[in-house]
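Asks: Heads up: the protein sequence lines correspond to chains A and B, in order. Numbering-wise, the numbering used here puts 174 at position 3 of the first sequence, and it's gapless, one number per residue. Numbering-wise, the numbering used here puts 188 at position 181 of the second sequence, and it's gapless, one number per residue.
If you are wondering where the hints come from, they were derived from the structure by calculation, not from laboratory data. Just so we're clear, the structure is a prediction, and the values are computed from it rather than from any experiment. Think of the CB as a built atom: it goes at the ideal place given N, C-alpha and C, for glycine as much as any other residue. Incorrect hints may appear among the rest.
Stated by the list, open to error - What the simulated footprint calls covered on chain B by chain A, stretch by stretch (three residues with Cβ under 8 Å from a Cβ of chain A suffice, anywhere in the stretch; the number is not a length):
no., segment
1, 15 to 25
2, 79 to 85
3, 112 to 120
4, 136 to 145
Unchecked claim - Partial list, computed: chain A residues near chain B (C-beta under 10 Å):
no., residue
5, Ala184
6, Leu207
7, Asn218
8, Ala223
9, Ser226
10, Phe238
11, Phe241
12, Glu249
13, Leu254
14, Ile256
15, Leu258
16, Ser259
17, Tyr261
18, Lys271
19, Leu275
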Amino acid sequence: MNSSAIPLQAFLAVAALLFCTGVWGLINSRNAVRVLMSIELMLNAVNINLMAFSSYLDGQLIRGQVFAIFVITVAAAEAAVGLAILLSLYRNRETVDMEKFNLLRW
Amino acid sequence: MTIASTTQQICFLVLSTTLALGSLAVVLLPNIVYSAFLLGGVFLSVAGLYLLLNASFVAAAQVLVYVGAVNVLILFAIMLVNKREDLGAIPGLLLRRILSGSVCAGLFALLLRVAFTTHWALPGPVPVGEDATIRIGEHFFSDYLLPFELASVLLLMAMIGAIVLARRDVFSTDVITGEPADQGLLEKARTPLLLERRGAGSSTTTLAEPRS
């Protein structure tokens, strides 16, 4: 019913734009919190792809929606652990600048 | 629920415009608090896209988990690490921005080409529509039972891991026996950062001295 109104490629294009924005932010952010936000953006882009394919190509067995729920679960766990790591880093280095986190630099 | 196709297209255009502008603002705005609130808007518009795709349960889960939990967690993290600092200039920043921007533009072009040149098997089966929640429940308790149970274990592990990583105070003595406990591997006791420190500018790059 919605396959005629909006093409599948429109959803894929929006998801691609969101993913590329997330990748750019992941590379270029100096603030560590913004890096975590960029990761969330990328996960949302993947979720949009999964949901679009689930609705357009797999309309009866909606396996894409099940996968999207698993991705949401993993993203929530990742956000909690990532922000805990960020707090621990902040207590040790007293900064959130990504360029200062060079303890493992060779 | 059937909406007219023009309404669907208008909703899709509004939601995708909000999504694109919001994600760019999340990445580009200098103030991180604005970024966090706009991230909530991006999550909400993604939930709207899910509603357009006949997935009301996942849209509700998106609002509950992302807007209600992850975004609030990010706001709390911003509040806890709220320190105005001038990020020092690093050499080659402009070159790095240009390089990464071109790489991302290339990736975007590649993804668009894949999306528009592949022959998708359209039209697929008729979407289940309102029965999606029932179908998801059947999946969870039949063929996706093991990942469903593993997800609960993963959430428990993430909760314990986040508590262990982020807590500050440890008991110096064992609760049961009263002997001094060695928990230095978990976290060493530190001077609280809220106190005024002298010479804070010079010691920002060094590791904080543990208070032994």
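Asks: Indicate, hint by hint, whether the structure satisfies it.
Replies: Hint check results:
1. Requiring three or more residues with a Cβ within less than 8 Å of a Cβ of chain A, the coverage given for the segment 15 to 25 of chain B holds, as 4 such residues are present.
2. With a cut-off of 8 Å between beta carbons, the segment 79 to 85 of chain B has 5 residues touching chain A; three or more are needed, and the interface restraint holds.
3. Restraint check on the segment 112 to 120 of chain B versus chain A: 5 residues with Cβ-Cβ distances below 8 Å, three needed, restraint holds.
4. Here the segment 136 to 145 of chain B counts 4 residues with a CB under 8 Å from a CB of chain A, which clears the bar of 3, and the coverage holds.
5. Given hint, Ala184(A) at the interface with chain B, holds; its Cβ is 6 Å from that chain's nearest Cβ, closer than 10 Å.
6. Taken as an interface hint, Leu207(A) checks out: its beta carbon lies about 7 Å from the nearest beta carbon of chain B, inside 10 Å.
7. A hinted interface residue such as Asn218(A) counts as satisfied when its beta carbon comes closer than 10 Å to some beta carbon of chain B; here the least separation is about 7 Å, so the hint holds.
8. For the restraint placing Ala223(A) at the interface with chain B, the shortest Cβ-Cβ distance is roughly 6 Å, inside the 10 Å limit, so the hint holds.
9. Of the supplied interface hints, the one on Ser226(A) holds, with its beta-carbon coming within about 4 Å of a beta-carbon of chain B, less than 10 Å.
10. For the restraint placing Phe238(A) at the interface with chain B, the shortest Cβ-Cβ distance is roughly 9 Å, inside the 10 Å limit, so the hint holds.
11. Because the smallest distance between the Cβ of Phe241(A) and any Cβ of chain B comes to about 6 Å, under 10 Å, the interface hint for this residue holds.
12. The beta carbon of Glu249(A) is positioned within 10 Å of a beta carbon in chain B (closest approach about 8 Å), and the interface hint is therefore held.
13. A distance limit of 10 Å between C-beta atoms decides the matter here; for Leu254(A) the minimum to chain B is near 4 Å, and the interface restraint holds.
14. Interface hint at Ile256(A): satisfied, since its Cβ lies 6 Å from the closest Cβ of chain B, which is below the 10 Å cut-off.
15. Because the closest C-beta pair between Leu258(A) and chain B is about 5 Å apart, less than 10 Å, the hint holds.
16. Taking 10 Å as the C-beta contact cut-off toward chain B, the hint placing Ser259(A) at the interface holds, the least distance being around 5 Å.
17. With its C-beta approaching chain B no nearer than about 5 Å, Tyr261(A) sits inside the 10 Å limit, and its interface hint holds.
18. About 6 Å separates the beta-carbon of Lys271(A) from the nearest beta-carbon of chain B, less than 10 Å, and the hint is met.
19. At about 14 Å, the closest approach between the beta carbon of Leu275(A) and any beta carbon in chain B exceeds 10 Å, and the interface hint on this residue is violated.
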